[in-house]
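Going down the list, the protein sequences come from chains L and G. Residues 1 to 170 in my numbering are what the first sequence spells out, letter by letter. Residues 171 to 342 in my numbering are what the second sequence spells out, letter by letter.
Rather than coming from a laboratory, the hints here were simulated on the basis of the structure. Since the structure is predicted, the reported quantities are computational estimates derived from the model, not experimental observations. Glycine included, C-beta positions come from ideal geometry on N, C-alpha and C. Among the clues, some could well be false.
[Unchecked claim] Each computed SDA-like pair below joins lysine to any residue, with the alpha-carbon atoms no more than 20 Å apart: (1) L:Lys68 <-> G:Tyr250; (2) L:Lys168 <-> G:Phe322; (3) L:Lys68 <-> G:Gln291; (4) G:Lys311 <-> G:Gly226; (5) L:Lys68 <-> G:Val273; (6) L:Lys168 <-> G:Val340.
[Claimed, not checked] Here are the in silico distance ranges between beta carbons for each label pair: (7) G:Thr212 <-> L:Ser27: 15 to 25 Å; (8) L:Asn158 <-> G:Phe247: 22 to 32 Å; (9) G:Ala224 <-> L:Thr56: 36 to 46 Å.
Here's the letter readout for the chains.
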Amino acid sequence: MAGQLIQVATETVTSAVASVTLTGIDSDDVYMVAMNNIVPVNNAVNLRSRVTKSGTADTTSNYDVAGKQLKGNTTFSNSYSTNQNAWLIHFNQGNLTGEANNIIYYLYNFNSSSEYSFITFEETGFDSNPNLLGNQGGAVHTVASASDGLHFFMTAGNIASGTFTLYKVI
Amino acid sequence: MSNLRLINETEIGTSVLSVSVTDVFSADFDIYKITLEGVTSTGAGGLDLRFINASGSVISASNYDRAGLQMRSYANFLEYRATNDTELQLYAYSLEGGGESSVGYVFNPYLSSSYTFSLNQVSSYVDSGGGTSWKNIGVLKQTASMTGFQLFNSSVNFDNGVIRTYGLRVDS
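Given only the sequences and the hints, what does the whole structure look like? Please build it.
And the structure:
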């Protein structure tokens, strides 16, 4: 039956950690990452993501993003960047009551050694102001080599909580 | 076994102003996928969403924030937003023409320490214009357990279609 999800990796953060790495992509299927209740230790920091190559985060400046930031309190804005050392997708995470991020990624071509690694992303959360904020769009890692997972970290300080799960879509 | 578990399937029926999907959120899951397929009506209107708490009460307090981008095939895009509203207005829209569909996710509804968040995207058709799609996000700013949701319209009856609720299982 199409549309099934098979769990590949998961990590639930209950005490602060510097980063979360999910690996196990080893087929040409589409993969999905579901994240909920992500809260940083520090207020007003940004969650960043990188692809992993053989389990290690790729820190080269080959990350491009384009998205539309939906905002509950003001005019929406475009969010874009090229040639960064991580995907700049999620902004201004807060750590007070109710402030959390919830995100869905779909991953494409990660297992290919000859294609770039692509993702689409959807986000809904409450930022540090606090306001409803969610970026919707796509991103690419412009390196034609296989990626086997994703690495998440904050721009400053640790991840206080959250569940990160990688699924294979079959 | 798939980690995407079908919890509930609700047929909308004919000529109804609201439909409630109850007892679908629980401690078994933190993330839920909700699909809405094939909804029609005789007039244009939005389907709004309210959550239902563990006591069975539909939450109508002014605790909802929302933001939506309408992408129209026939005109410029439009932005919709609100804070402290009484529902997630326009969770789905443009019922006329038939076949409206939506897919989205609800996060942390049963987790009493967290707000309840949603996101969804909609594909629909407006008789007076053409194809249109939406990207929506929303939040219910209450730290309480929600166990279900209600879709409704205050004036336009809607017909047909099915609502499916899935849980995304996490095996530790």
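Verification of the supplied hints:
Between lysine 68 of chain L and tyrosine 250 of chain G the alpha-carbon distance is near 13 Å, which keeps this suggested pair within the 20 Å criterion. Taking the CA atoms of lysine 168 of chain L and phenylalanine 322 of chain G, the gap is about 34 Å. The hint is violated against a cut of 20 Å. For the hint pairing lysine 68 of chain L with glutamine 291 of chain G, the CA-to-CA distance comes to about 14 Å; that is within 20 Å, so the pair holds. In summary, the hint linking lysine 311 of chain G to glycine 226 of chain G is supported, as the alpha carbons are separated by about 18 Å, within the 20 Å threshold.
Restraint check for lysine 68 of chain L and valine 273 of chain G: the C-alpha separation of about 18 Å stays at or below 20 Å, so the hint holds. Taking the CA atoms of lysine 168 of chain L and valine 340 of chain G, the gap is about 13 Å. The hint holds against a cut of 20 Å. A hinted range of 15 to 25 Å is violated for the C-beta pair threonine 212 of chain G and serine 27 of chain L, which are about 47 Å apart. At roughly 38 Å, the beta-carbon separation of asparagine 158 of chain L and phenylalanine 247 of chain G lies outside the given 22 to 32 Å, and the hint is violated.
Between alanine 224 of chain G and threonine 56 of chain L the Cβ separation comes to about 45 Å, which falls inside the hinted range of 36 to 46 Å.
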